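Those protein sequence lines, which keep their order, are chains A, B, C and D.
Numbered according to this note's numbering, the first sequence terminates at residue 199, and the numbering increases by one at each position without gaps.
Numbered according to this note's numbering, the second sequence terminates at residue 199, and the numbering increases by one at each position without gaps.
Numbered according to this note's numbering, the third sequence terminates at residue 199, and the numbering increases by one at each position without gaps.
Numbered according to this note's numbering, the fourth sequence terminates at residue 199, and the numbering increases by one at each position without gaps.
If you are wondering where the hints come from, they were derived from the structure by calculation, not from laboratory data.
As the structure is a prediction and not an experimental result, all values here were calculated from the model.
Keep in mind that a hint or two might mislead.
Copies of the same chain look alike in the list, so a pair counts if it works inside one copy or between any two.
[Claimed, not checked] No more than 25 Å apart at the CA atoms, straight line, and that leaves these computed lysine-lysine pairs for DSS-like: (1) 74 <-> 64; (2) 144 <-> 85; (3) 64 <-> 198; (4) 143 <-> 132.
There are 4 protein chains.
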Amino acid sequence: MSKKDTLVKTAARLFAAQGFDATTTIQIAREARITEPLIYYHFKGKEDLFLHILEKGSDGYLSRMKTLGEGGPVQFKRIEKLITLHFDIVRDMPDETYLIASACPARLRDEGDVCARIAETQRKFLTSYLRDCLKKGMASGEFWKVPVEPTVNVLIALINGLIRQRCLRLEQVRGMKKATIEFCRRSLCKP
Amino acid sequence: MSKKDTLVKTAARLFAAQGFDATTTIQIAREARITEPLIYYHFKGKEDLFLHILEKGSDGYLSRMKTLGEGGPVQFKRIEKLITLHFDIVRDMPDETYLIASACPARLRDEGDVCARIAETQRKFLTSYLRDCLKKGMASGEFWKVPVEPTVNVLIALINGLIRQRCLRLEQVRGMKKATIEFCRRSLCKP
Amino acid sequence: MSKKDTLVKTAARLFAAQGFDATTTIQIAREARITEPLIYYHFKGKEDLFLHILEKGSDGYLSRMKTLGEGGPVQFKRIEKLITLHFDIVRDMPDETYLIASACPARLRDEGDVCARIAETQRKFLTSYLRDCLKKGMASGEFWKVPVEPTVNVLIALINGLIRQRCLRLEQVRGMKKATIEFCRRSLCKP
Amino acid sequence: MSKKDTLVKTAARLFAAQGFDATTTIQIAREARITEPLIYYHFKGKEDLFLHILEKGSDGYLSRMKTLGEGGPVQFKRIEKLITLHFDIVRDMPDETYLIASACPARLRDEGDVCARIAETQRKFLTSYLRDCLKKGMASGEFWKVPVEPTVNVLIALINGLIRQRCLRLEQVRGMKKATIEFCRRSLCKP
DNA sequence: GATGAATGAGTGTTCATTCAT
DNA sequence: TATGAATGAACACTCATTCAT
Chain A
9 MSKKDTLVKT AARLFAAQGF DATTTIQIAR EARITEPLIY YHFKGKEDLF LHILEKGSDG
69 YLSRMKTLGE GGPVQFKRIE KLITLHFDIV RDMPDETYLI ASACPARLRD EGDVCARIAE
129 TQRKFLTSYL RDCLKKGMAS GEFWKVPVEP TVNVLIALIN GLIRQRCLRL EQVRGMKKAT
189 IEFCRRSLCK P
Chain B
9 MSKKDTLVKT AARLFAAQGF DATTTIQIAR EARITEPLIY YHFKGKEDLF LHILEKGSDG
69 YLSRMKTLGE GGPVQFKRIE KLITLHFDIV RDMPDETYLI ASACPARLRD EGDVCARIAE
129 TQRKFLTSYL RDCLKKGMAS GEFWKVPVEP TVNVLIALIN GLIRQRCLRL EQVRGMKKAT
189 IEFCRRSLCK P
Chain C
9 MSKKDTLVKT AARLFAAQGF DATTTIQIAR EARITEPLIY YHFKGKEDLF LHILEKGSDG
69 YLSRMKTLGE GGPVQFKRIE KLITLHFDIV RDMPDETYLI ASACPARLRD EGDVCARIAE
129 TQRKFLTSYL RDCLKKGMAS GEFWKVPVEP TVNVLIALIN GLIRQRCLRL EQVRGMKKAT
189 IEFCRRSLCK P
Chain D
9 MSKKDTLVKT AARLFAAQGF DATTTIQIAR EARITEPLIY YHFKGKEDLF LHILEKGSDG
69 YLSRMKTLGE GGPVQFKRIE KLITLHFDIV RDMPDETYLI ASACPARLRD EGDVCARIAE
129 TQRKFLTSYL RDCLKKGMAS GEFWKVPVEP TVNVLIALIN GLIRQRCLRL EQVRGMKKAT
189 IEFCRRSLCK P
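Kindly produce the complete structure, drawing on both the sequences and the hints.
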C-alpha cells in the first residue's frame, strides 16, 4: 500500500473514531508512519484530506446504491435489498459510512458545507427510492396503506440508527439483518 | 436567569451544534455574555462543564424514563408510551438529548468515560424495558413471535435514529410520531 | 491568633518554601483558612504582603543584631556571639531568615527593590561588624594578620551558606554551631 | 550558534536571574530571538527545558569534580584544589552553577524532584571528598583534630555561600580565592 | 517524494485583583 | 470584618501550516 493510501486510511479511521476536530495532523502522521508535511504534499490541508475521504466514501456509497436498480415487481424485495446493502456497506467501509451518517448539526445546517451536500444526497436517494417502493407497493396492494412521507422518514431513521449502532460495534447481537428485514416486512406487507 | 444558568444553556447549545472540540471556551463566553474565567469559577474546565451538561441531561432523561412505570396489561401501550416520551424529551431538551445520543466511538469505547457510562445506562434501560414488553406481549399472544434480542436492538436503533433526525431538525415532516407508532404496531401486534 | 496573623505566618511559610512566584494568593488563603479578598483587606496585594513579611523579618533580624553591642576587649568573643546569634535567629524565624538570604539575582540587582535594600542592610551590618572585629583583633595581636575585606566576605559567605543549609533542614548534623565557631577560631586567633 | 543553543543559553540566563516561575516562555523566546513554539519543538515544555539546563549543568559540574582525582599525600592541597575548582566553575558557567545551588526548599524536599537529586549528588560528592581529606589529614598529623561531619558541613556551607555570593556578582572583592584558601588552611593545618 | 525546523494564530487555563453586599 | 461572584491580563502550550532543502 502506498504511503498516500496508508495516510488516507489512517485518517479515515481516526476521523471516524474521534471526530474531525479531535484528530490532529501530527496524530494522523504518526499513526500512518509518515511525517506531517507529507500530508500537505498530497492534500491542501486537513480539511481537504477530510473532504477527500468523505467524497470517496460518498461515491462508494452511492455507486453501491445504484446497483439496486429500478427494479422488480415485488416492492418489499427492493426494500429488503436496500437494507441488506446497508449492512454490507457498513461491514465493508465502516469508517466512511460512519462519517457520512454522523456529521454535526452545524455542518449539516450550513448549505455550503460538503457534509451537508453529502448527507442531503444520501437522504434524497433514500427518500426517492423508498417513496417509490411504498407508492408502488401500496398501489399494487402488496403493502398496507400508510402515510408515505412520514413512513419513508421512519425507515430512514431506522437505517441511520442501524448504521451508527453497527459502526460503534457496541451491541454485537446476531441476527440483526434478518430481524430488521422481518420487522419491516411485518409492518409493511399484507399477509 | 443567573449567569451560571446562561453559561450552561449556551454551552449545551454550542456543544450540541458543533461538537465538544469545535466549541471554544471563548465562544461559549461570548455567546453567554460572560467572561471566560467565569467558566472556570463555576466549573473545573471545559470538560467538566461538558460532563455537567451531560450528566444533567442524562438525569433528566432517566427520570422521565422512570415515569413509564412497570405498567399495564397491554404491552404495545407501553411501547407506544416509550416512543411518545422520546418525542417529548427531544422537544423539551433537544441539545442534551442529542449529546447523549451522539458521543463519538472513541469515547463510547473508553469504559472510563462518562459518555460511555451514560450511553450504556440509556441502552440498558431501553433494552430491559423493551425486552420485558416483547416477552410479555409474546407470551400473552398480543405480539407475533419474534427473536427478542435482535428485535429489541432494531427498536433501539429506530429510537436513536429518530432522536438524531429530530435534533437535526432537518426533515420536519409532520406526523412522524404517529407514523412511528403505527409502523411498530403493525410490525409487532397480531391483528 | 488573629486571622491576620495566621495569614502572615502562612504566607511566610509558603513564600519561603516555594518562592514568591510559585505561591498563589488562593493557596495562601486556603492554607490560612481564610478567603482571598481578606488578603486585600489587610494588604494592598500579594507583593505588599510579601514585603510586609520581609520588612518584619528584616526588622527582627536587625534588632537582634543590635543586641550584640559594640563590645568587649576580646574580638573573637564578638565573632562567636555573631555566629551564635545567627544560629538562634534561624531557629526562631527560619522562614523570614531564609527569605532575607535567598532573594534572586534580578531583585538584588534592582536598586529600587526592597529585597535589595534589605540584603544590602544585612550585608552592610555584617561587613562593618566583622571589619571592626578583624581590625581591632589584628591590632591587639589577638588575630593573625589577614587581608580584611576578603576575609570579611569569606565570613559572610560562610554565615549565609549556613543560613541556607539550616533553613533547608537537609543536613541535620549535630554540633554545627560549635564546629563553626571552632573553625573560625582556629583560622583567626593566634594560639 | 544554532537556534536551539541560543534558546538554552538564554533560558539558563533568565532562569538564573529571575527564577523558574518569574521567567515566562514568551520572554525566553523574545530574548533568544526565536518564536515561542520553537521551545516546544525542542523541549516538551518549560519544565523540561529547565531540567535539561539543570542536568547539563550538573553533568558539567560533576565531570569537573571528577578531575580532582583521589590524589596526593598532602590533604590540604586537595582541599585547595576543590576550592580553586569551584571558583573556576562559577566563572565558567555562573548560571548553571547558581541554579544548582539555589533550588527552593519545596523542590529540595521533594525526593522525586530533579533539583533534589542534583543537589543531593553535589552534596554527596563534596561530603565524601571532604570527609576523606579530613580523615587522612588528621591521621597523618597534617590537620588538627576536628569533629569530621560537622566540619565537613561547615566547609560545604562555605563553598555554597561563596557560589551564591559570586554568582550574584554583588561583592566583587578581589583576592577572595586566596583569602578563602588561607582561611581554611589556618583553620585546618597545624603550623 | 520526503523531511527537520520553524511559525502565526489560537487554545484552555490561571492569576492577582476588584466589586457588590 | 468578611465573602461569593466576577474579570483583565497574562500564561504555558498546541495547532495546522509553511519553508528550505
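For each hint, the structure was consulted:
For a Cα distance limit of 25 Å, the shortest separation of residue 74 from residue 64 inside one copy, 15 Å, qualifies, whereas the shortest one across copies, 44 Å, does not. When the C-alpha separation of residue 144 and residue 85 is checked against a cutoff of 25 Å, the pair qualifies only within one copy, where the shortest distance is 12 Å, while the shortest distance between copies is 31 Å. For the homomeric pair residue 64 and residue 198, neither the shortest alpha-carbon distance inside one copy (39 Å) nor that between copies (45 Å) is at most 25 Å. Proximity of residue 143 and residue 132 under a CA criterion of 25 Å is satisfied intra-copy only: 16 Å inside one chain copy versus 37 Å between copies.
The structure shown violates just one earlier hint, number 3.
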